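What follows is each chain in one-letter form.
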Amino acid sequence: MHNSIAKNNNPVFWKAIEAIIIDIIVASIGIIIIILAIKLLFGKQIKTAIDYVDVVSLKTDSTIVKDIKFDKKTESIVSYPEYGTRYGNIRIESLGISLPLYFGDKLTYLRYGVGQSSGSYFPGEGGSIICMGHNNRTFLYDLPKIKNDAIIEINTTYGDFRYKVYQTKIVDMYDVDELTVQKEKEILMLYTCYPVETLGDKKERFVVYAERVYE
Amino acid sequence: MKKVLSTMLIAVLAIFMLGTISNATTKAELESYMLSEKTIGGKTYVIRDTDKVKLEKLFANNNITDEQATKIKAVADKAIAFMNENGASTPDELKTTAQKQQLLAYAQEAASVLGLTANYDTSAKRLDLYKDGKLIESFSWGVLKVKDSKTGTTKTVVTTEPSFAKTGSTNYIYAIAAGLVLIAGTTLVIARKKNANA
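Same order as they appear, the protein sequences are chains P and B. Residue numbering for the first sequence follows the numbering used here, beginning at 1200 and increasing consecutively. Residue numbering for the second sequence follows the numbering used here, beginning at 1043 and increasing consecutively.
Bear in mind the hints are in silico, worked out from the structure with no lab data behind them. Given the structure is predicted, the values throughout are model-derived calculations rather than measurements. Virtual Cβ for every residue (Gly too), placed ideally from N, Cα, C. Mixed in with the good hints, there may be bad ones.
Unchecked claim - The following label-pair restraints were derived from C-beta to C-beta distances:
hint: 1; chain 1: B; residue 1: T1081; chain 2: P; residue 2: D1376; range: 20 to 26 Å
hint: 2; chain 1: P; residue 1: T1307; chain 2: B; residue 2: K1137; range: 31 to 37 Å
hint: 3; chain 1: B; residue 1: N1126; chain 2: P; residue 2: E1274; range: 37 to 43 Å
hint: 4; chain 1: P; residue 1: L1235; chain 2: B; residue 2: T1139; range: 35 to 41 Å
hint: 5; chain 1: B; residue 1: N1128; chain 2: P; residue 2: Q1381; range: 34 to 40 Å
hint: 6; chain 1: B; residue 1: N1104; chain 2: P; residue 2: E1292; range: 38 to 44 Å
hint: 7; chain 1: P; residue 1: I1350; chain 2: B; residue 2: A1066; range: 47 to 53 Å
hint: 8; chain 1: B; residue 1: D1108; chain 2: P; residue 2: N1347; range: 47 to 53 Å
hint: 9; chain 1: P; residue 1: K1238; chain 2: B; residue 2: K1197; range: 42 to 48 Å
hint: 10; chain 1: P; residue 1: I1369; chain 2: B; residue 2: T1081; range: 34 to 40 Å
hint: 11; chain 1: B; residue 1: K1197; chain 2: P; residue 2: E1274; range: 31 to 37 Å
hint: 12; chain 1: P; residue 1: I1234; chain 2: B; residue 2: T1086; range: 50 to 56 Å
Using the sequences and the hints, build the whole thing.
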């Protein structure tokens, strides 16, 4: 009786609610059908895309920095870590950048911070160090703003190292020879995809070259 | 098919990196051999500087005995001879699945001498080496340094994309989620407006 009174009192209101609910249900069913159809037709590609997105999506890492033993006499790492080891932090004060540093350049590590190529030397070993990171705003988005003479710091458990920027370059992603690996001089090469403003895979890389500063 | 091709390429590279020649070999001889240029299937490959550093690390981290060095060298000899017999300078040039499987077997045999396991990442064109289940090194076969036999000059040949690590992907997941919310929200708004007009 109460309901019939309410309905009789405001039939338009309840009719509108009923219509909205029906429309939502119809829309939802429609979306579900479309999703199922897409999944049936493109399921494999979607999974590949989702896996890729998951790999490249940035995450916060709470792993502790691993202690790496360094032989000061031979200027070399005593026992090289496995891939994915977080062994320090990289900091560019002039750009407000401070990120964890990992050994290895796989995408799974780059989602947490800056990676170091295993085909390069460690800080302190006196050779080329190649590091890279994503170009989003919380990572290396501002890297192209870096100026010559800016200082890049790498802090590790076995020592702190400073590098002064002397050159920046925009290189094609196939120009691997632009990252020269040698052991005569300790040079840090830090790069990110370029240009930084657009989403998606980029054909160029912005590379910063910095020479170690000995104090 | 693609997987096998990649595996074969990795196997050749791994053996090229880890193998040596002739009979009894010391660790030092093995390292020297690995760093020297090799002619496989008519092409001369020069080791890239980044791979030199990787090999240095591998040797530093693994105490390779002369016996192990000899075994690895023997496997490398077999692999290189196999490639030459089949007229292939890279695993891509091997024609049959059986050939590619054989090359993979050589790579795994060489890795097992040091107690390592070899695996491949076909999408990244890379051979991954594991120790106790942990990735310790990775060699890419998508970038090779080839020496011109006539001029003696070397050229870096890139067959993988990208050569540099992908550093351009950012917060795609948020863009996709935002898109879905937008679609859902629009649907609801349209549904409600339709009701209002009814």
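Cross-check of the supplied hints:
no.: 1; hint: B:T1081 x P:D1376: 20 to 26 Å; in the structure: holds, 22 Å
no.: 2; hint: P:T1307 x B:K1137: 31 to 37 Å; in the structure: holds, 34 Å
no.: 3; hint: B:N1126 x P:E1274: 37 to 43 Å; in the structure: holds, 41 Å
no.: 4; hint: P:L1235 x B:T1139: 35 to 41 Å; in the structure: holds, 37 Å
no.: 5; hint: B:N1128 x P:Q1381: 34 to 40 Å; in the structure: holds, 36 Å
no.: 6; hint: B:N1104 x P:E1292: 38 to 44 Å; in the structure: holds, 39 Å
no.: 7; hint: P:I1350 x B:A1066: 47 to 53 Å; in the structure: holds, 52 Å
no.: 8; hint: B:D1108 x P:N1347: 47 to 53 Å; in the structure: holds, 50 Å
no.: 9; hint: P:K1238 x B:K1197: 42 to 48 Å; in the structure: holds, 46 Å
no.: 10; hint: P:I1369 x B:T1081: 34 to 40 Å; in the structure: holds, 37 Å
no.: 11; hint: B:K1197 x P:E1274: 31 to 37 Å; in the structure: holds, 33 Å
no.: 12; hint: P:I1234 x B:T1086: 50 to 56 Å; in the structure: holds, 54 Å
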